[in-house]
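2 protein chains.
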Amino acid sequence: MNYFFKPRQVAVVGASANRGKVGNSVLRNIIGSGYSGTIVPINPSAHEIEGLKCYPNITEAVQELGALDLVVVAVPAAAVIGVAQECAKNGCKNLVVITAGFKEVGKEGAALEKELVEICRSHHINLLGPNCLGMMDTHTPINASFAGDFPLRGEIAFISQSGALGTAILNWSRQQKIGFSQFVSLGNKAGLNEADFIAAAADDPNTKVILCYLENVVDGERFMDVARQTSRRKPVIIFKAGTSEAGARAASSHTGALAGNDRTYETVFKQCGILRVRRMEDLFALATVFLSQPLPKGDRVAILTNAGGPGIIAADAVESRGLAMARFCAETIEAMRAHLPAEANLLNPVDVIGDARADRYHFALEQIIQDPNVDGLIILLTPQAVTQPKETAEAIVDVKERHPDKPIVAAFMGGEAVADGAEHLRKNGIPCFSFPEPAVESFAYLSRYTKLRESTARQALPEFDFDRRRITEIIKGAMSDHRRILFASEGAEVLSLMGIPAAPTKLATTADQAVEIALEIGFPVVMKLEAPNVLHKSDLGGVKLNLRTEQEVAEAYHEIIANLHHHLPDTVAYGVEVQKMDQPGRECIIGMTCDQAFGPLLMFGLGGIYVNLLQDVSFRVVRGLDLTELQEMIRETKAYLLLKGIRGEKPGDVEAVVDTLARVAVLAREFPQINEIDINPLFVYEQGVSAVDVKITLRKVGTE
Amino acid sequence: MNYFFKPRQVAVVGASANRGKVGNSVLRNIIGSGYSGTIVPINPSAHEIEGLKCYPNITEAVQELGALDLVVVAVPAAAVIGVAQECAKNGCKNLVVITAGFKEVGKEGAALEKELVEICRSHHINLLGPNCLGMMDTHTPINASFAGDFPLRGEIAFISQSGALGTAILNWSRQQKIGFSQFVSLGNKAGLNEADFIAAAADDPNTKVILCYLENVVDGERFMDVARQTSRRKPVIIFKAGTSEAGARAASSHTGALAGNDRTYETVFKQCGILRVRRMEDLFALATVFLSQPLPKGDRVAILTNAGGPGIIAADAVESRGLAMARFCAETIEAMRAHLPAEANLLNPVDVIGDARADRYHFALEQIIQDPNVDGLIILLTPQAVTQPKETAEAIVDVKERHPDKPIVAAFMGGEAVADGAEHLRKNGIPCFSFPEPAVESFAYLSRYTKLRESTARQALPEFDFDRRRITEIIKGAMSDHRRILFASEGAEVLSLMGIPAAPTKLATTADQAVEIALEIGFPVVMKLEAPNVLHKSDLGGVKLNLRTEQEVAEAYHEIIANLHHHLPDTVAYGVEVQKMDQPGRECIIGMTCDQAFGPLLMFGLGGIYVNLLQDVSFRVVRGLDLTELQEMIRETKAYLLLKGIRGEKPGDVEAVVDTLARVAVLAREFPQINEIDINPLFVYEQGVSAVDVKITLRKVGTE
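Going line by line, the protein sequences match chains A and B. Numbering follows the numbering used here, with no gaps: position 148 of the first sequence is 148. Count along the second sequence from 1, add 704, and you get the number used in the numbering used here.
These are computed hints drawn from the structure, not numbers from a lab. Only a predicted model underlies this, so the values are computations on that prediction, with no experimental measurement involved. Do not rely on the hints blindly, as some may be mistaken.
Using 20 Å as the maximum straight-line C-alpha spacing, the simulated PhoX-like pairs for lysine-lysine come out as follows [to be verified]:
id, chain 1, residue 1, chain 2, residue 2
1, A, 114, A, 89
2, B, 974, B, 1342
3, A, 427, A, 177
4, A, 537, B, 1354
5, B, 710, B, 912
6, A, 638, B, 1342
7, A, 451, A, 427
8, A, 537, A, 695
9, B, 974, A, 650
Here chain A stands alone, though its shape is the one from the complex (with noise of 0.2 Å):
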């Protein structure tokens, strides 16, 4: 994609001397733009437009000039075909279609642009758009969009799939002085999509930080990978709009239920190590952070105050955020104490009190910068009586300069009586807020950056051995059976084949044969229904708990194949399914469900009745997951504390539970056809754990 945004030559198809329409814009604001490369206006109309030499076609164009590197179309979507004909047939690799009146027409217009893919897939045209605003590079530069806010130059690639809030924020980003590297307005993701322009910022020397405004993600896989590899060069904050939508899944797991469309992206957005903020505006503030300031080495903060009130506040947001206030070492607070007024305080929120000038500031913040157990700064300030801001400003870059490897943000409160202060810090790479929580916030990612980066080498998942014949023997001979649910004897074999523990299930179509199972795994035992489209089998007496004999399980069958029949005396059963009664554990879920986008999704939590109620879950996304990961998404629950033991308890096997969930991971990993899996409760022991109850779903017929 080098071409892409450095192209040497630009043609603009639709270009017009009409000043009032797109492809006389774009024209305009490829020449405004200052770009030095070749500008060729395409129109079979005109002989010059804007001063520029037109051409008839593409054609024409490159056999006079050469290759075309980079393509815009501004005309009408239907003879938008035939220009993408003429790209390929002429060699052009990046074309850029900001007309509107494709999939987000309907039906014909979906169809036009599924055309229009066909002809740059098969001739490797890199595709942007339709119905775009088109994309820009200031330090190309080139404006090759029809937004007339040129950017001023920076380091900030921002990718939006909303063409009217890219004019919003490139409009709103000269007003607060920020610069843009790259801005790709996404349109409709028919070619190039998110995971592409990620890549390329990734790849752009010029660009230090990566934000984007996404209302989905299309190649999920994709996405995941190149987020992944990025994340750990540079830094990618996301928006993430749409997360009211709600999701469409067809859930018939706890799993699936429980897997909302944000719960999803949030998970992918943690694994894949992207930032994600939750409010616009954020979008910005902290790319300003990460562009001046230097990763912290962790996270504790230092609050410099001349001021209580302030200092409480920020210490509050560094509780909230997760961060950790500082311990000044003992050197740092005698340091401060032989210099300070007595009743400054000299602990963090480190406060040097009203009446400090900018040497008492300077002096406070040389000692706190070089103490070993600070990771970072939040210099705060109110304008009191004697306060110099402008000073005190001068002296936090004097510091900053001297020590740059320590992150500083400040919040100055005020108005004009900070002004002057303030507008230093900017100048001179330091962020400065006007109150003290979005200060601290961007520190927080600043921090979770560094630990993100930082996280230690990846685990692979470990291979394991399983029976893959007869797994898929199982699926195949269920979806023969045009059954979509597993039988919980099937259930327990798959988990069995692939190393689960699974308390030994089998299924009886006589008495008899379900006295001979009972004899085979030991009593005592469990008894369940099984029988089409009967979800609640306890409610019509489909479920016999703690059989200890032959008769009780002779019985119990002739009971529940009565019970049956005399509730749905239409329904005949598969049979009773005999079940070796586990043990009681410490109950957990594990469960495994597919999204759309991003395929396997593995869940774990709190098992038992009320996993619905209780919502004590977390997910992973099974595509590149790695040891880690898992346990992590298992300490990240409340079962978690469950399991470490409390009220004096031993603690649960955590390394069984790892091992279950990396295992459940590889069958959703190696069985597509599986939709989505339950196993609830497992119950985890001291040593070891148990499949109780395991419902495993396969995918319709006819869906991916």
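Could you slot chain B onto chain A? The hints should help.
This is chain B only, laid out in the frame that chain A set:
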């Protein structure tokens, strides 16, 4: 307190001609604020200061001028007592002590402060401070503080526990063009506190919105009474700092452990109808919205936008803030369909699309605002090719003027391009933000305040009959035994005396007696050791369940005593509790703990052994509690879903739970000797409840 904010005369004790001194700043601030009453500098060593006749002391001033309504003190701490005595002698009723050096500097200062408070209390002098900035009233007008930034005249009262923060905000407010009616710096709150100034602002005809920055509340019960009354008249918006303060509560109960300091404030604010903000800057953004907009009739929001992205962002915010997206009437949609372009989205969010000029906004707005299903509007604008921000703003103002009864909040995104439109809105009383989320957020507060004001008439707790004498006897008995925790049998009796069904429990001191009790209350029974300082009875074999015969009971008695002797040879048992073993029900917890500031605090939630793990609990302060609040506190928990019946269960007896909560509240209110109560579990049946395990802890002797 009328003459506090509107004094006819004001004296400045410690007035100084020296421009660097506080006593000079205060004097000049009063003069500079345009105060029209008599200004009286007091300083024994000057005849005239800042052109005003100076008096040597208050007595001489009063002799010559008559009364002094307000005395502002800026003399050294040691001299303040003398001034207060002079005030007392001369009938001065309002005293503002700016001087620092009291409680905040240690023991000596605290003694001085106590003396000051004594004088003021015994002479009914309103005391603000010491150690404060002073106060302002822009309508009087008077600036009786040493803060130079006299704010613009407005309708917001701002009460700040931090002087420096106050200064910063005053300075900032001038830049933001935010006006205030009153400003108070609370200082040490030795005399007047937040409750007094909230009450004063409630009565001030110039104040429409009350803002507070608080670090703590000193008189919890009065605060609650004042806040409850005030919040129904005017919005009270509070930012509470110090959320990270570790709770200093020494808790021996679940309830005590779960009721953290910040959680208590959250509960108090909710019960009093206070709007709490979590970020400092929201205080002021909200205040301007409350000042300019009417309250919505409900929570149904319509969104109008010219671009999809911002519409989605706003819709997300509507959902996450608990608001509802309005569903338009058919007529509204039809009217819009007739005149808006085919590509427009007519459902909520209404998207008038990118080429909308002011007239299209005007038309759509006119339709939407008249829709009876719409309670308020969020209007979004992004600058696109033909967008008319200024004219659109005018259109909004026009529609708003003709339909003033529905609140409108705008977000104009962009910089220069939308600046004049945004300015026009603000000038005409329509709040305009830069991003959609804060616009929706502020609407959410409007809507919450509506609900709060409309909340149904309060239903006081019923009067219960109970045997006060017997309960007092039980408590006294335990105290004279030096027991802080009542026996389980005593706890059960206290609950029974309060009319709460509790499993019959009696203390046996011999095996024979245990058998007798069991025969009396009926089998099966549970037996539990009762011995001093034994917390985990089960761990040392002190609990026996499901005892069904006389022999089992007798054996259990001996075993329990033997187990104690084995584990703790030096401990002598009080005896063994014999308790009727109840049928299991759904397990809830009801608890009570005493908060230092706010008194008894009631808790309800999911019970059982995992209370601390699940933390599914809600709280209410007992003071002023009503029945509706008890129902609400149940509905806030997941336990409520459990009681309603999940997975087809029949519902539990919620009314009996409400009744139990009410009786526990009365118990706590009527017996202040009780410090904590845990009823865990409370079994809830289809009909009725039973308190199975009861722990009642008394206050330490010597504490209040």
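Each hint tested on the structure:
no., hint, in the structure
1, 114(A) x 89(A), "19 Å, holds"
2, 974(B) x 1342(B), "19 Å, holds"
3, 427(A) x 177(A), "10 Å, holds"
4, 537(A) x 1354(B), "17 Å, holds"
5, 710(B) x 912(B), "18 Å, holds"
6, 638(A) x 1342(B), "15 Å, holds"
7, 451(A) x 427(A), "29 Å, violated"
8, 537(A) x 695(A), "14 Å, holds"
9, 974(B) x 650(A), "40 Å, violated"
The structure fails hints 7 and 9 (numbered hints given earlier, in ascending order).
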